[in-house]
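Engineer: This is what each chain is made of:
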Amino acid sequence: MKQNEKILHIPKIDLGIVIDHIPAGQGIKILEIISKYEEMKDVVVSLGLNYESAKLGKKDLIKLQMEYLSPEIIQHISIMVPGVTIKAIKNYKVHSKVVVQPPKEIKSLLLCKNPNCITNTEKHVPTLFRTTDAEGKKVKCNYCERIFDLHELETVV
Amino acid sequence: MRKDLISMEDLEKNEIQEYLTMAEKVEAMPLEERVKLLPGRIMAAMFFEPSTRTRLSFESAMHRLGGSVIGFAAKDATSVAKGESFTDTIHTVESYSDILVIRHPGEGTARLAAQESYLPVINAGDGANQHPTQTLLDLYTIRKDLGKIEGLKVAFVGDLKYSRTVHSLIRALMKFNVTDFTLVAPETLRLPEYFMHSDEPGRFRFHETERIEVAIQECDVLYMTRIQRERFPDLVEYEKVKDSYVLTAEMLSEAKDHLRVLHPLPRVNEIAYDVDNTKFAGYFPQARNGVIMRQAILLKHLGVTL
Ligand SMILES: [Zn+2]
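Protein sequence lines correspond, in order, to chains G and A. The first sequence begins at 1 in my numbering and counts up one residue at a time. The second sequence begins at 1 in my numbering and counts up one residue at a time.
In short, the hints are calculated from the structure, not lab data. Where is the CB? At the ideal position from N, CA and C, for every residue including glycine.
In the EDC-like style, the derived pairs of lysine to aspartate or glutamate whose C-alpha atoms are separated by at most 16 Å in a straight line are: (1) Lys140(G) / Asp10(A); (2) Lys256(A) / Glu213(A); (3) Lys138(G) / Glu154(G); (4) Lys123(G) / Glu116(A); (5) Lys123(G) / Asp88(A).
Quick look at which bits of chain G chain A covers, simulated, 3 or more residues with Cβ under 8 Å: (6) 117–128; (7) 143–154.
For reference, chain G alone in the conformation it holds in the complex (with noise of 0.2 Å):
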């Protein structure tokens, strides 16, 4: 129980999402991100900064006042932010978790960069990118086929 008492002593919650083992700095990241969704709008959330941390060194986290985090955002957060941990907190436990890594498959969040890309014209068709590469830095549209970094790709939110 040590762990979680370390992780809760930012407002003590019965019920949220907590983000854990978030690299320092990139917390305001993942706020950006969680701004963007409109379902985000009302929720309480808390920022922690510069934790000590045996694993990082240094490390960030986040607290969300709700139960559920939506699968688009958990892939959000794994592409833009991989290797944090996502903790489902019920009376003031840990009541499930996950470490979160790029997915293989990045489904209706990217914009494929390629203006002769079909996904461009029809624009009903929601987008479809797959990893090339063990980091999951390179993705590949599949349409296209073009590949491109993740980074210089935008997204739909």
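Chain G is already provided as a structure; the job is to place chain A with the ligand on it using the hints.
Structural biologist: Just chain A with the ligand now, kept in the frame of chain G:
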């Protein structure tokens, strides 16, 4: 079995071999037998941009299997159906036919059609992306003319930077253990670096040269492509290089006996007409092989086995 033929990148070597074997069986069949294979079946040729040769090749292939053809060939994609989305067009045409052959300037269009439709979809070219039936007919031609693919020395001449045909064929040949490539291109139209990378360093050799003579002497296949004026920002540069990539009969005097000159056609001036009458000219038979390969593809994707 795979419903669609969309991209060479989807195909393992053994799947490519299945197409080659099928084409062999088709070719061995007398014409009067072949015409009994697809009676009552309808191929929809949906050409959202013109490509006369590819369309005629597909239509001929289908007719000679006893099937029939419907379709359109538009000047541009937007004129096909005013305001109708591509996916709606697909859903309309699929109720009229048994197999869809799609040519479209938008990249990824065939993949999208294949996801949308329950019918088999054959990609007849999607922008600068893929044209798998061309690559398959090229492989078939090489194997037929030279008896094998493995271990051949293959040269590519011309626009190696933008030619989708060249890129696709190089990748496919690498799967067939062709390890020795000669690349003849002007500085500005060289093959992109990443094509020469492989997971097995040292296995493939890419010899780049600006002199076509080197390729003629050493290679088994000389694959010619057009050098398009539009590719040159500077026309002076174009004028400078265009004639150094014109193949003449005289230049072929140094060639190996079995050398085959191939070209996806149409040619502009990169192969002189006097090459046509040499034993090396393989490009018109190559176009004939296109019909045979497309027959094999139609049969395979309509579930006919031979
Ligand atoms: Zn794309």
